[in-house]
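Engineer: Each chain, letter by letter, is given below.
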Amino acid sequence: MVFTFIPFMSPQINPQDVFVIIPAYNEQEVIAKVIYELVPMQYKLVVVDDGSAEELDERLQQFPIFLLRHRVNLGQGAALQTGIEFALSKQAAYIVTFDADGQHLPSDIEKLLAPLAANKADITLGTRFSGGISNIPAGRKWVLKTARFINYFFAGLLLSDAHNGLRAMTRPAASAIHIRQNGMAHATEIVAEIRKNKLRYAEVPVSIRYTDYSRKKGQTLWGSFRIFFDILLNKIFK
Amino acid sequence: MNGIQIVLISGVVIIFSYYVSRFRNALLDLVALILFAGLGIFFILFPEYTNKIAKWLGVGRGADLLFYICILFFLFIILKLFSRIRRLEDKMTELIRQQAKDKAREMNDSKDKE
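Keeping their order, the protein sequence lines are chains G and S. With the numbering used here, the residue at position 197 of the first sequence is 197, and numbering never jumps. With the numbering used here, the residue at position 114 of the second sequence is 114, and numbering never jumps.
FYI, nobody ran anything at the bench for these hints, they're computed from the structure. Do not take every clue at face value.
Stated by the list, open to error - The calculated EDC-like cross-link candidates involving lysine to aspartate or glutamate, where the alpha carbons are at most 20 Å apart (straight line), are:
no. : chain 1 : residue 1 : chain 2 : residue 2
1   : S       : 80        : S       : 90
2   : S       : 103       : G       : 57
3   : S       : 103       : G       : 212
4   : G       : 90        : S       : 94
5   : G       : 90        : S       : 102
6   : G       : 33        : G       : 57
7   : G       : 235       : S       : 90
8   : G       : 235       : S       : 89
9   : S       : 103       : G       : 110
10  : G       : 120       : G       : 110
11  : S       : 103       : G       : 54
12  : S       : 91        : S       : 106
Said to hold, decoys possible - To give an idea of the interface, some chain G residues facing chain S are shown, with a C-beta separation under 8 Å as derived from the structure:
no. : residue
13  : 78
14  : 86
15  : 88
16  : 91
17  : 105
18  : 108
19  : 182
20  : 184
21  : 199
22  : 205
23  : 207
24  : 209
25  : 210
26  : 213
27  : 221
28  : 224
Backbone N, C-alpha and C fix where the C-beta goes; we use that ideal spot for every residue, glycine too.
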């Protein structure tokens, strides 16, 4: 199902119709830098502060963004859903999810939008395993490889990268997908929703910057087990 | 009547009256509770009957049978509680999400208005 897009075939997208959702929980050290990189792309930016200890107002007041704040911490899945609902209410045509820890490249968003604009997919998922520059730590790689099959088992789609935070979807796809998993298990849930709603999907190679910071903030092995149990419980208690 | 029977029966009576004082309006619950409490007191007074039932079901002792039933019962309670927590989480998420959307601010823009 993976296909490579051909740039000259894709119609132009007005960046003002694209809403980039950035869920942030205690990312105050890097969020300003991430936003700073994104602003020149002209997309509408929606930062969903998921109840961080430090309010982001002062750090981000210089940027043209929408800032939403959960009063208490709910989890990344909940923050994404909040951002998506907000973007839909602002008449977004395309919605992109983008991690706040600086691991994604703003220039990759364009690649994800191209298949959507060409009407070849309803949702595109970033993958770090097919061609993109990847200096993945060995341990992380194994966790992700395993997660891939867990995703397949629970969601029914075998994707090359189970938990990549970079995704893009059209307005109808975003309206169809409803994330009920507040925690990190939402990544699997989105895949399950793709299948349930029979959305056309495509995987697009993207780069991941493994900085010391993103490594520190990333999933630990124990975190992966917790996600697994979340998925399991969600399957039982639908 | 020996000591343990007095302790157990007074326990059943206290719990029973506590529940009755709280669920006065649900008749079906009340009937179920009376049955349950009555059965409990009966088996406390005549424990040999639990042995009979246990033998009939292929379990050695009445106490063992009770133990197995308790495990099942508590698992059931855990499931009920879990789904209730899940529902509560959903409601809380909905509330916080609504508030976040209502209070969404456009940064860099509000400065001009002030």
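Engineer: Under 8 Å, Cβ to Cβ, is where residue 86 of chain G needs to be relative to chain S, so tell me if that hint holds or is violated.
Structural biologist: holds, 5 Å
Engineer: Was the hint right that residue 78 of chain G lines chain S, CB cutoff 8 Å?
Structural biologist: holds, 5 Å
Engineer: Would the stated hint for residue 210 of chain G survive a check requiring a Cβ distance to chain S of less than 8 Å?
Structural biologist: violated, 30 Å
Engineer: Does residue 103 of chain S pair with residue 110 of chain G here, judged by a C-alpha cut-off of 20 Å?
Structural biologist: violated, 30 Å
Engineer: Is it true that the CA of residue 103 of chain S sits at most 20 Å from the CA of residue 57 of chain G?
Structural biologist: At roughly 13 Å apart (the allowed maximum being 20 Å), residue 57 of chain G and residue 103 of chain S satisfy the hint.
Engineer: Can the restraint linking residue 235 of chain G and residue 90 of chain S be considered satisfied, given a maximum Cα separation of 20 Å?
Structural biologist: Given that 20 Å is the threshold and the Cα spacing comes to 16 Å, the pair holds.
Engineer: If you draw a straight line from the CA of residue 103 of chain S to the CA of residue 54 of chain G, is it 20 Å or shorter?
Structural biologist: Status holds; Cα separation ~17 Å.
Engineer: So, as I understand it, the hint says residue 221 of chain G touches chain S; can you test that by seeing if any CB pair is closer than 8 Å?
Structural biologist: violated, 25 Å
Engineer: Taking the closest Cβ pair, is residue 184 of chain G under 8 Å from chain S?
Structural biologist: Residue 184 of chain G check fails; min Cβ-Cβ to chain S is 15 Å, beyond 8 Å.
Engineer: Are the Cα atoms of residue 91 of chain S and residue 106 of chain S separated by 20 Å or less?
Structural biologist: violated, 27 Å
Engineer: With chain S as the partner, please determine if residue 205 of chain G meets the hint condition of a C-beta pair closer than 8 Å.
Structural biologist: violated, 33 Å
Engineer: Hint residue 213 of chain G vs chain S: min CB-CB distance below 8 Å?
Structural biologist: Residue 213 of chain G check fails; min Cβ-Cβ to chain S is 23 Å, beyond 8 Å.
The structure shown violates the earlier hints numbered 3, 9, 12, 15, 16, 17, 18, 20, 21, 22, 23, 24, 25, 26, 27, 28.
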